[in-house]
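A.B. asks: Residues per chain are reported as follows:
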Amino acid sequence: MGKWEDNKAWFLVLPVFLLVAISAIIPLMTVVNYSVQDIFGPGDRIFVGTEWFEDMLSNRRLHDALWRQFLFSGLVLLIEIPLGVLIALAMPKRGWGVSVSLVLLALPLLIPWNVIGTIWIIFTRPDIGLLGVAINGLGFEFDHTSAPLDAWITVMLMEVWHWTPLVALLAYAGLRAIPEAYFQAARIDGASPWAVFRYIQLPKMRGVLTIAVLLRFMDSFLIYAEPFVLTGGGPGNSTTFLSIYLVKLSTAMDVGPAAAFSIIYFLIILLFSWLFYQALQNVGTGDRQ
Amino acid sequence: MARIELKQIAHSYLPKPEAESDYALRRHDHVWRDGGAYALLGPSGCGKTTLLNVISGLIQPTEGRVLYDGEDVTDLPPQRRNIAQVFQFPVIYDTMTVYENLAFPLKNRGMDTARIEARVGEVAEMLELTPHLRRRAMALGADAKQKISLGRGLVRSDVAAILFDEPLTVIDPHLKWQLRRKLKQIHERYHLTLIYVTHDQNEALTLADQVAVMVEGEIVQVGTPQDLFEDPQHTFVGYFIGSPGMNILPCAVEPGAAVVGGQRIPLDGRLSDKAGAVQGALELGIRPEYLCLAESSTNGAVPVAVKRVEDLGNYKIATLSLGAHTIKAKLPEDQDVPGEQAFLTFPPERTKLYADGRLVA
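For the protein sequence lines, the chains are A and B, in the order given. For the first sequence, numbering that gives the first Met the number 0 begins at 0 and goes up steadily by one. For the second sequence, numbering that gives the first Met the number 0 begins at 0 and goes up steadily by one.
Mixed in with the good hints, there may be bad ones.
Per the computed footprint, the stretches of chain B lying under chain A, defined by three or more beta-carbons under 8 Å from a beta-carbon of chain A, are [what the hints assert, rightly or not]: (1) 84 to 98; (2) 278 to 290.
A few chain A residues that face chain B, going by a derived Cβ cut-off under 10 Å, partial list only [said to hold, decoys possible]: (3) Gln183; (4) Asp188; (5) Arg197; (6) Tyr198; (7) Lys203; (8) Arg205.
What the hints contain is simulated information worked out from the structure, not anything from laboratory work. We put the beta carbon where it would ideally sit given N, CA and C, even for glycine.
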């Protein structure tokens, strides 16, 4: 095995290893460390094994937050992906309209999360907010501080307003990359607009839509700032999503359960991202031989 | 199948064309005979694709009418024109199987399943795609994909014509021959009207019975490969067809002769009379194949300097200079070429005259 004699090349990997260690591995291992111990103070701890994990997995409030989270992320994907694709299809293909619509679309993406929360709180307030007053003026009771459904609608609105442009931009990029010959061939073949969408545009957008679904799933699954700024997870627990619950746990100094929960949270995101990725990769190429 | 007529057709990509050079397609009339195999040959950017797209309806011409069998289709979109077109890069529908790809144009036109199945089966057989019918089109190679594009054109039995826009550009050379032969067989069997755009003269000459040569938005000559070779109507045809192309030399005309670089080249008397009467810059054209090179002077021969001789195996190309002009002559392999000075004979029956690029006849 003479080829193993000179191992200096491994030193070239060292900087990357150090960087990843500091940014990811060490923090993650710290969390793992917390998750299997009960810590009373410096130097005062006991090993509890999987107790915190068992605790968390049977925690009712966590279950509620988890289902709430899935419902939220599911709705986000169901609304943002089709809406983003529709916007991209409606956007102009050439001329000055392209730059105008791109800039308009990009605007929400430039605003920080918590500022978005503040904007929408004011916008939807039933006493002084433009939208809140307008809705109440039309005869609908609307108050995100007291009605859970109204709080949900407000958080959804924020999320959709903030992130649909990202999906639209990705979809637009995908659409623009389709060679003109496809559309010409479709015209010659007598394809209807729906067939053009179904058999040319949608398949050609698969790559960018995979990215859009993954980004929007991960990001909406981690949502924190918007509901936190709006109601802090209320009214009641109605907008207490996983990350809000996690922060509530860890600020209550229950680091052990919070750490165990973090790991579960991380694994859920990893699992679902992988599932989405696999599913979208196989759409349309499923029985490749 | 149909006869395709272009009447006073012209197209410009500019919104307000003024000068003649604003037109990608210069105004002209042309008739594509029913059942003909045409090649549309010309350099890149000469308007071949524009002309094809005008015929198929992908482009609305700025001026003029397009007629299929006498019926005006100028205002109809391509899907209502009953025409098939195959593009340079294979267009396939990724998510469909080969069968679904081939059936797509028929399905869009509401044909019933049994007839679609019969028709697709027939076309797949013709193109040797039968073993792949149930596979995803995406997983196949470039040549099979281009066969599918071709198949989508052939599958509609009632099309007026099939238009090909350099369809073999992305295909490997050895497969190119196969596909070209296939296309020719299909044409012979079904008598389709084919218009085949290419910038490769070999492809044009092997595939088509009529070749239309296009330059700067204009068809300058339509004819059999032999016509184009022996009787170029335009200096561009002479230069573009053949390898090396026709020698084109600026000249003046005297009774019975053309004068190039101070040397008299004998011409057919009727030709020199006609040339005397036409306007425009005169040029003499002769194919390298028809020139005779000799060591000693004969009647009518002009002295030339031999600059270079290339032996290409089965023939030789001699590069000669006559005054300031360079002439290429294609000589038999066994001919000895004199070292420096030689005498060149221009057979009068093969020597052409052009005025402003167009044949004087």
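A.B. asks: Looking back at the hints listed earlier, which ones does the structure fail to meet?
C.D. replies: 2
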